[in-house]
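Enquirer: Given the sequences, and given the hints that come with them, work out the whole structure.
Respectively, the protein sequence lines represent chains X and H.
At position 294 of the first sequence (counting the first as 1) the number is 294 in the UniProt record's numbering, and the numbers step up by one without a gap.
At position 337 of the second sequence (counting the first as 1) the number is 337 in the UniProt record's numbering, and the numbers step up by one without a gap.
Residues on chain X that point at chain H, a partial pick, calculated with CB under 10 Å:
1. Thr174
2. Gln268
3. Phe279
4. Val280
Below, simulated DSSO-like cross-link-like pairs (lysine-lysine); rule was C-alpha separation at most 30 Å, straight line:
5. X:Lys64 with H:Lys91
6. X:Lys64 with H:Lys83
7. X:Lys250 with H:Lys83
8. H:Lys318 with H:Lys83
9. H:Lys239 with X:Lys90
10. H:Lys275 with H:Lys239
11. H:Lys275 with H:Lys156
12. H:Lys179 with H:Lys156
13. X:Lys90 with H:Lys229
14. H:Lys184 with H:Lys275
15. H:Lys184 with H:Lys156
16. H:Lys179 with H:Lys233
17. H:Lys156 with H:Lys288
18. X:Lys64 with H:Lys318
19. H:Lys179 with H:Lys239
20. H:Lys184 with H:Lys229
21. H:Lys233 with H:Lys156
22. X:Lys90 with H:Lys233
To be clear, the hints were calculated from the coordinates, so they are not data collected in a lab.
For every residue, glycine included, the Cβ atom is placed at its ideal position computed from N, Cα and C.
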Amino acid sequence: MTTPTVTARGAAPTAGVPAAARPRYRRRLAQWGFVAPAVLFMLLFFGYPLVRNVVMSFQHYTPKTFFTGEAPLNGFDNWSAVFRDALFGKALWHTLVFTAGSLLGQFCAGLALAVFFTRRFPLNGVLRSLILLPWLVPMVVSGIVWRRILDQDTGVLNSFLDAIGLDGHTPWLTSPHMALLSVILVNIWIGIPFNMVILYGGLQEVPRELYEAAALDGASAWRTFRSITLPTLRPVITVVLVLGFMSTVKILDLILALTDGGPADATQTLGTLTYQNSFVRLDFGAGAVVGNVLILISAVFAVFYLRANRTEGK
Amino acid sequence: MSKRFNRRSRKAVIPLAVVGALLAGAALTGCGRQRDGSVYTVLNSSTDETYHRWDAEAMARCGERLGVTVEQQSVPAAQVMTKALRMASSKSLPDIVQFDASEMPVFAEAGGLTDLRTLGLDTDGVPRGIVNFGSYRGTYYGAARTVNTLALFYNKDLLGQAGLEVPTTWAELRETARKLTRGKRYGLALSAGGAEDGVFQFTPFMWSNGGDETRLDGPRVVEALDYWKSLLKDGSLSKSTVGWTQADVNDQFMAGNAAMMINGPWQVETLNTEKSLHWGIARIPVPKPGAESVAPLGGAVLTVPDTGDERRERMAGKIVGCLTSEREQLTYARNSWMVPANGKAAAVWRGQVPQLDALADQVATARSRTARLGAGWPAVSLALQSAFQAALTGQSSQAALQRAQQRATSGN
Numbered sequence: 001m002t003t004p005t006v007t008a009r010g011a012a013p014t015a016g017v018p019a020a021a022r023p024r025y026r027r028r029l030a031q032w033g034f035v036a037p038a039v040l041f042m043l044l045f046f047g048y049p050l051v052r053n054v055v056m057s058f059q060h061y062t063p064k065t066f067f068t069g070e071a072p073l074n075g076f077d078n079w080s081a082v083f084r085d086a087l088f089g090k091a092l093w094h095t096l097v098f099t100a101g102s103l104l105g106q107f108c109a110g111l112a113l114a115v116f117f118t119r120r121f122p123l124n125g126v127l128r129s130l131i132l133l134p135w136l137v138p139m140v141v142s143g144i145v146w147r148r149i150l151d152q153d154t155g156v157l158n159s160f161l162d163a164i165g166l167d168g169h170t171p172w173l174t175s176p177h178m179a180l181l182s183v184i185l186v187n188i189w190i191g192i193p194f195n196m197v198i199l200y201g202g203l204q205e206v207p208r209e210l211y212e213a214a215a216l217d218g219a220s221a222w223r224t225f226r227s228i229t230l231p232t233l234r235p236v237i238t239v240v241l242v243l244g245f246m247s248t249v250k251i252l253d254l255i256l257a258l259t260d261g262g263p264a265d266a267t268q269t270l271g272t273l274t275y276q277n278s279f280v281r282l283d284f285g286a287g288a289v290v291g292n293v294l295i296l297i298s299a300v301f302a303v304f305y306l307r308a309n310r311t312e313g314k
Numbered sequence: 001m002s003k004r005f006n007r008r009s010r011k012a013v014i015p016l017a018v019v020g021a022l023l024a025g026a027a028l029t030g031c032g033r034q035r036d037g038s039v040y041t042v043l044n045s046s047t048d049e050t051y052h053r054w055d056a057e058a059m060a061r062c063g064e065r066l067g068v069t070v071e072q073q074s075v076p077a078a079q080v081m082t083k084a085l086r087m088a089s090s091k092s093l094p095d096i097v098q099f100d101a102s103e104m105p106v107f108a109e110a111g112g113l114t115d116l117r118t119l120g121l122d123t124d125g126v127p128r129g130i131v132n133f134g135s136y137r138g139t140y141y142g143a144a145r146t147v148n149t150l151a152l153f154y155n156k157d158l159l160g161q162a163g164l165e166v167p168t169t170w171a172e173l174r175e176t177a178r179k180l181t182r183g184k185r186y187g188l189a190l191s192a193g194g195a196e197d198g199v200f201q202f203t204p205f206m207w208s209n210g211g212d213e214t215r216l217d218g219p220r221v222v223e224a225l226d227y228w229k230s231l232l233k234d235g236s237l238s239k240s241t242v243g244w245t246q247a248d249v250n251d252q253f254m255a256g257n258a259a260m261m262i263n264g265p266w267q268v269e270t271l272n273t274e275k276s277l278h279w280g281i282a283r284i285p286v287p288k289p290g291a292e293s294v295a296p297l298g299g300a301v302l303t304v305p306d307t308g309d310e311r312r313e314r315m316a317g318k319i320v321g322c323l324t325s326e327r328e329q330l331t332y333a334r335n336s337w338m339v340p341a342n343g344k345a346a347a348v349w350r351g352q353v354p355q356l357d358a359l360a361d362q363v364a365t366a367r368s369r370t371a372r373l374g375a376g377w378p379a380v381s382l383a384l385q386s387a388f389q390a391a392l393t394g395q396s397s398q399a400a401l402q403r404a405q406q407r408a409t410s411g412n
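Expert: What follows is the structure, encoded as structure tokens:
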């Protein structure tokens, strides 16, 4: 972009005003031409659905609407119906627990593994790529496989627990008290590779000299980790947590494959509730309300993310 | 300089052109495909290789007879409704949609279907129950090729070894299941999963006991749920029951982890792959001797969406007529092990598949899930799923069903 600026400036005095105005006008056009696709794309694929979803949450939107195109506005009817539903409160709470639990587990395990793999040892690369496997498996496939593993009677996990002398009758997915925990554990398993890869990348950036200096000063391993590794990793940690949050809070496929929101709504989250309202009950207005709540929560964290990045940039 | 600049602006044009093309493409597909005059499409859920092939063969035969080409577009069962709705809003509905009968009322209620009788399809020879099955508010929208229902499947060898008779009442079922429960093997397997599968399996217990989906907290429904709870308490049912789909139940039965199961004829094809398994079927046991065993009527119906093109709709009606003709019904029924909808075809079928006699009896008294509630069924179904899962995992049936009733009515 710098070259045309220079040539245009140079050309302006000799060629006269009209000639100078034209290239500048064209340049503007060209600049907008580059931006336009992105803007159009955003408006079309993000702006439009977002606005539609907000509008839809104030409409009586039913299967009939697909034929007539008529969706009468009904004010806050959908909102109050959703908020009065006891299931919404439950789902909100489950979403909170699920997200916090998953993030904490994924992050801690991911960080531990990332630190572990910074050491040089044989088969390091092979092991590292093996740990990536959960990331490569489609979510639904993981869900179905885990459903079998966690089956109370015939699952591998309970058989294994039995074999090593522990109680092998844990109702992983069939007890309303256990199901949410089991789903969180599976999601942690799925999320570890992502956390590990990003944090491992971040760890490579930490200057070796800092560790050497710490070693010379006789700092303990824990002290080195706390005073050097963590602070230098901070921008990466923000990225990992915020991206992790946004992909976890809206989780749907994993829960549908594992428990279908059950038993007795014990694993119902905002994601599954949106799905259930819109595509099972076909009450698209109510589905949009829950969807909007999800978008709102994500937006708050997106702002955090942007702010964190801006301060890092300065 | 100007030449260089031109090249630059041309470069800028490329992304613009690409976006423009994308937009135009999106706009065009939004307007709906141009229909080919002699190609008719059927939207169905035949995603299994076998079903897809059987349907393709039937459609080829009918297409040939009527001088048109019939193509099928198969999506997973759970997506037929949403896909059809999307196609309705973009005015690109297929000529025929095969809905699960419990979903058809929603689409009919929205005004999306054509009365099959006006397209020249008659219902002579179709039993009344099955005409009602394909009707919504008295209008006949959906023609069924075959219907299915639930029955009690039992392992002949296990019952024989234990010297037990096939149970016919709840008390006998409970006793038999208890006696057949040994080690890792459960006496009975059924699906109480959090989806339509579980609700489908609960209905025969609810209905045979005189309960009704219009009052979920009625004493008859509570009693039926308590009966399920008693089976679980005896240890005759696995605790995993609340997570099982009907396919899971079949796997358990085939693996020998269950001596009996509640399931439907669509499992027969899989069951027959296990040669060492000797199974029989019976009607679902009733609360008291002499009571009527009422099971749910399941299956899909072929409908003709209201596309406004009368000429095509009439031909679509003819295609539905051919696909539901006695001959095609029999072929389809023999392939899929389901019961032909037409009375005469069903009689022929009985002669050909005597081992499924109990199923044909059960179909004769079976009831449609949406007969009472129509388009209101999905909300009640969701509430009921949550209720029996809550009850089977510890809550009292009364409390769980009371909450379900509240939830079912507050949604409307």
